[in-house]
Structure formats: C-alpha cells, structure tokens
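Position in the sequence shown counted from 1, then plus 86, gives you this note's numbering.
No wet-lab data here; the hints were simulated from the structure.
One should not assume that every hint holds.
[To be verified] With a straight-line cut-off of 30 Å between C-alpha atoms, the simulated DSSO-like cross-links for lysine-lysine are:
no.: 1; residue 1: K174; residue 2: K200
no.: 2; residue 1: K194; residue 2: K161
no.: 3; residue 1: K200; residue 2: K161
no.: 4; residue 1: K161; residue 2: K212
no.: 5; residue 1: K174; residue 2: K194
no.: 6; residue 1: K194; residue 2: K212
no.: 7; residue 1: K161; residue 2: K174
no.: 8; residue 1: K174; residue 2: K207
no.: 9; residue 1: K212; residue 2: K174
no.: 10; residue 1: K129; residue 2: K194
no.: 11; residue 1: K207; residue 2: K194
no.: 12; residue 1: K161; residue 2: K129
no.: 13; residue 1: K212; residue 2: K200
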Amino acid sequence: MAVGGGGDDAPMNDMNTTPLIDVMLVLLIMFIITIPPQTHAVKLDLPVNANTPSNVDPVFNQVDIDFLSNIYWNKTEVDLPTLRSYMKQAAALPSEPELRLRPEGLAKYEVVDKVMAEAQKAGITKMGFVGNEAYAN
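Construct the complete structure from the given sequences, taking the supplied hints into account.
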C-alpha cells in the first residue's frame, strides 16, 4: 500500500532545497546584522601636551656647521631631518625668530648649501651669517 499515491516504490530523484535556502538566508541576515558594529570606529580628539620641550628659541636660533659636516642647532648636534623640523617650527611661530648661520672656515660648501636650502623650504625669511671674519683671509 502506497501512501503517497502513484504506487511505484522508486526513490525521489530531487532533493528538497527549501530548508537549506531558509538556513542560508537566516545566516546571511545574521552576518549582515553583526558585521557593521565590528567595523565602526570611534574618533577621539585626544589632548596634545602643550608642555613639550622645544629646542626652538622665539628670539633667535643658531645653526653651526663644523669642518666634519656636523650640523648643530643651538649647540646641539642634529641631523638634516631634525633640522628641517626645527626650522618648520621656527617658521610657524607668530613672530619668526632670526636664524643665525655660522659655518666654520673649513666647512664644506655642500653642507652649508643644504642647510640654506632647508631654511628656504621651511619658509625662513630672517636669516643672517655670523662669523664672516673667518673668511676674510
């Protein structure tokens, strides 16, 4: 006796995919709901410490260059990127401090030229040469 009618005892040829599609749709909706909170970012404006020590003097700053091509900013040895940042800080002050360039007599012109180029790129407009008497002879 066949309950389903039809009378043949052959197995079903196609699978019922409706429950599988229902489960997949539920999983897709769950992923759509849970993924956006993981990607949200909260932007915070953290306070900047205003008490950071600065090597930029508001009146004048002196750049020394010795014969070994060492560069000194206010008697502290610096490299070219640090010098660049100090010059940008100095140019950004409300009243721009004077930059005093003091190369030794045996300093390489190439290094002095790089320092002057960095001053120009930083926007320094008040620059003077100190110690010109070393070049008099």
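The hints, checked one at a time:
1. K174 <-> K200: Measuring from Cα to Cα gives roughly 15 Å; hence the hint holds.
2. K194 <-> K161: holds, 19 Å
3. K200 <-> K161: At roughly 19 Å apart (the allowed maximum being 30 Å), K161 and K200 satisfy the hint.
4. K161 <-> K212: Given pair K161, K212 holds - Cα atoms ~20 Å apart, limit 30 Å.
5. K174 <-> K194: Satisfied, since the Cα-Cα distance of roughly 24 Å is no more than 30 Å.
6. K194 <-> K212: holds, 23 Å
7. K161 <-> K174: At roughly 18 Å apart (the allowed maximum being 30 Å), K174 and K161 satisfy the hint.
8. K174 <-> K207: holds, 9 Å
9. K212 <-> K174: holds, 13 Å
10. K129 <-> K194: Violated, at about 49 Å.
11. K207 <-> K194: This hinted pair holds, its Cα atoms lying about 20 Å apart.
12. K161 <-> K129: violated, 41 Å
13. K212 <-> K200: holds, 17 Å
In summary, the numbered hints that this structure violates are 10, 12.
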